[in-house]
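Working from the sequences, and respecting the hints, build out all of it.
Protein chains in written order, with our numbering: chain B, 1 to 607; chain S, 608 to 686.
Hints should not be assumed to be uniformly reliable.
As the list claims (entries may be wrong) - Heads up, simulated DSS-like pairs for lysine-lysine below, C-alpha to C-alpha not over 27 Å straight-line:
(1) B:K532 x B:K44
(2) B:K306 x B:K375
(3) B:K532 x B:K217
(4) B:K277 x S:K627
(5) B:K270 x S:K613
(6) B:K599 x B:K44
(7) B:K375 x B:K409
(8) B:K26 x B:K547
(9) B:K217 x B:K206
(10) S:K613 x B:K232
(11) B:K233 x S:K627
(12) B:K597 x B:K26
(13) B:K570 x S:K613
(14) B:K225 x B:K578
(15) B:K597 x B:K44
(16) B:K270 x S:K627
(17) B:K578 x B:K592
(18) B:K570 x B:K362
(19) B:K44 x S:K627
(20) B:K232 x B:K464
(21) S:K613 x B:K585
(22) B:K464 x S:K613
(23) B:K547 x B:K592
(24) S:K627 x B:K585
Simulated from the structure, these hints should not be mistaken for lab results.
Residue-level listing of the chains:
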Amino acid sequence: MYGWHLKLLRVNLTTQKVTREDVDPKIARDYLGGRGWAIHYLYKEMDPMTDPLTPENVMIFATGPLTATPAPTGNRYMVVTKSPLTGALAHSNSGGEFPTWMKRTGFDMFIFEGRSSEPVYLFVNENQIEFRSAAHVWGKDTHETTDILLAETSAEARVACIGPAGEKLALIAGIINDKHRAAARSGVGAVMGSKNLKAVVVMGNKNPPLYNPEEMKNISVDTSKNVGADVKKGSNMRIYGTSYVPQVTNTLGIFPTRNFQQGTFEHTDKIDGVALKEQYLIRHTACYRCPLACGRLTEVPDGDYKGKGEGPEYETISAFGGACGVSNLAALIKANYMCNELGMDTIGAGMTIAAAMEMYEKGYIPEEAIGMPLKFGDHDAMIEMVRKMAYREGFGDELAMGSYRLAEKYGHPEIAVTTRKQEFPGYDPRGAQGMGLLYATSNKGASHMEGDVAYEEVFGTPIKEDPFSIEGKPELVNHFQNSFALIDSAGLCVFVALRYVFSKDRMIFPLRLSEMMAYTTGEGYTAEEVLKAGERVYNLERMFVLKAGSTVDTLPPRMLNEPLPDGPAKGMVSQLDKMLPEYYKIRGWDEKGYPTKEKLEELGLPS
Amino acid sequence: MMVHIKLLANYREHLPPGAKNGGVELDVPDGTTVREVISRFPIPLDDTSVIVLNGLTVDLDTPLTAGDIVSAFSAIAGG
Numbered sequence: 001m002y003g004w005h006l007k008l009l010r011v012n013l014t015t016q017k018v019t020r021e022d023v024d025p026k027i028a029r030d031y032l033g034g035r036g037w038a039i040h041y042l043y044k045e046m047d048p049m050t051d052p053l054t055p056e057n058v059m060i061f062a063t064g065p066l067t068a069t070p071a072p073t074g075n076r077y078m079v080v081t082k083s084p085l086t087g088a089l090a091h092s093n094s095g096g097e098f099p100t101w102m103k104r105t106g107f108d109m110f111i112f113e114g115r116s117s118e119p120v121y122l123f124v125n126e127n128q129i130e131f132r133s134a135a136h137v138w139g140k141d142t143h144e145t146t147d148i149l150l151a152e153t154s155a156e157a158r159v160a161c162i163g164p165a166g167e168k169l170a171l172i173a174g175i176i177n178d179k180h181r182a183a184a185r186s187g188v189g190a191v192m193g194s195k196n197l198k199a200v201v202v203m204g205n206k207n208p209p210l211y212n213p214e215e216m217k218n219i220s221v222d223t224s225k226n227v228g229a230d231v232k233k234g235s236n237m238r239i240y241g242t243s244y245v246p247q248v249t250n251t252l253g254i255f256p257t258r259n260f261q262q263g264t265f266e267h268t269d270k271i272d273g274v275a276l277k278e279q280y281l282i283r284h285t286a287c288y289r290c291p292l293a294c295g296r297l298t299e300v301p302d303g304d305y306k307g308k309g310e311g312p313e314y315e316t317i318s319a320f321g322g323a324c325g326v327s328n329l330a331a332l333i334k335a336n337y338m339c340n341e342l343g344m345d346t347i348g349a350g351m352t353i354a355a356a357m358e359m360y361e362k363g364y365i366p367e368e369a370i371g372m373p374l375k376f377g378d379h380d381a382m383i384e385m386v387r388k389m390a391y392r393e394g395f396g397d398e399l400a401m402g403s404y405r406l407a408e409k410y411g412h413p414e415i416a417v418t419t420r421k422q423e424f425p426g427y428d429p430r431g432a433q434g435m436g437l438l439y440a441t442s443n444k445g446a447s448h449m450e451g452d453v454a455y456e457e458v459f460g461t462p463i464k465e466d467p468f469s470i471e472g473k474p475e476l477v478n479h480f481q482n483s484f485a486l487i488d489s490a491g492l493c494v495f496v497a498l499r500y501v502f503s504k505d506r507m508i509f510p511l512r513l514s515e516m517m518a519y520t521t522g523e524g525y526t527a528e529e530v531l532k533a534g535e536r537v538y539n540l541e542r543m544f545v546l547k548a549g550s551t552v553d554t555l556p557p558r559m560l561n562e563p564l565p566d567g568p569a570k571g572m573v574s575q576l577d578k579m580l581p582e583y584y585k586i587r588g589w590d591e592k593g594y595p596t597k598e599k600l601e602e603l604g605l606p607s
Numbered sequence: 608m609m610v611h612i613k614l615l616a617n618y619r620e621h622l623p624p625g626a627k628n629g630g631v632e633l634d635v636p637d638g639t640t641v642r643e644v645i646s647r648f649p650i651p652l653d654d655t656s657v658i659v660l661n662g663l664t665v666d667l668d669t670p671l672t673a674g675d676i677v678s679a680f681s682a683i684a685g686g
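Right under this line is the structure:
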């Protein structure tokens, strides 16, 4: 077999036993890998009504067929499980180096079941597979944990682990790999914490052979050359990484400001990538086999917010900057470092603090409950809240549950800007209509990573769409959702995939990606087939989400009823009700959003 | 009439000396279009370029009115 090992490692944490299982080649082909394989197993093996923080929840780490191949950015893995934040599906994605190292163990996928009675970590070095005590690293942050575990295993290994936030079951906890990369969203870190699994340490030299190494090399080199040509021209993604984006979204009036009460932030110049580069950038960094190198090593050399690490990315600047009304760049860099070290999703953490700030200013949460004033723009208080959140100390215990539960507890659920109880990323959907439809229908709750039509509405990649228009958006969202399911299943990074391995039409088409898949696996994939597989994955996830009881596709009232008060999108609300019926129809779902029997049969899915 | 040009991120380097906060005021004749005003700057426009008028997606042959803000940036991806 080529491309895949067709091997999974089943890890029972309760019994501390592992089993090696073969993957059915037909399943491998039809579900591609990564996110696709993971939902196939999760749907088959687990009741979607399972309580996410019990031992019965299954957590899957999955690589794709392009992971650990020469494909540029062929180095992603997915964490798929039932989300304790949303009660729906979690599928969080990360790069760095861990994904390639994981695949080199000789397994494409790890399935974690049960719960260890004591903190443990799993060490996988090909066929040397050991449960080891994690008592000495329990309570330690992700950086210390990584250093200690590498010292006691091998410098050649790579680590994915949780921090204190995951141990304490914060619903916004993520899993951090290689210190600075995160499978961040939907509370996957809390699931790992609930299993008493502190870390997964991987190494090995097993790579599945490629079906056509020569053609794979040629197409990979050619793709890298195209990336390189953009980099040579001075690509913003190389110079600034995603931190160039605040200026873009602010210009379009969709930069979340003060918990989405506004769409423009008057201090954007102080917190954007230009300021970051001038003041704190040390050098660029790259995930394994990435010619784009959008990462940035940064340092705040002195002062209250002294620290060193990577980032912040756009989403982090949006959540801790605009959404919290904070213009102190050093503070939001510090918040980013803390989230990576303590193991939290920066979007969930920042947006939850933003919601708390609004509720404090409106008198919905008394100062006694928080223990200090919590106004928009108060960067000292924000930093203190990040720490308290991770350790669930005082008011932090309430923040750790995410903004929806916080706002509901204080009697004002309308303040929470979430779908399926997950915080919005940094695009206000009132001024980017396709994004609103995406958030409302997303299997994992509000997320840009499930079909980021901002690529067309905001960035003009591959072509520019009017973000205010709803025309054609249901079709666009459907197509992007299927395409992202494909990318996540293949094992590529969307940053490179969308521009370089899809076509440049409005309806992006994965021609080059399907060629890479065919050269890797020998399965003779066509572009139509891999796109159909993306649709299959998306629909199976949808079935899981519906069976988990998350059946309502909507947006929070602020998006539907409160017009944006400022900027280019002034006066706009989301027109979700005009897009949703057409979207369901295009999807082949009924008027309530359930996949029809015919659609499931067409995709070869169980009903 | 006076209009404001804002060049974001890597396009900033194409602003004339003395530009502040990534932008510059220009006095242009009536009837000047978005495309014409942007062409005054040595920006290497290509398929990554996005140009908006007052934050809005418009036809680049739209004529400007006094006080308009034209912004331009280059994007290949975003997060």
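Hint numbers contradicted by this structure
Violated: hints 14, 19, 21, 24.
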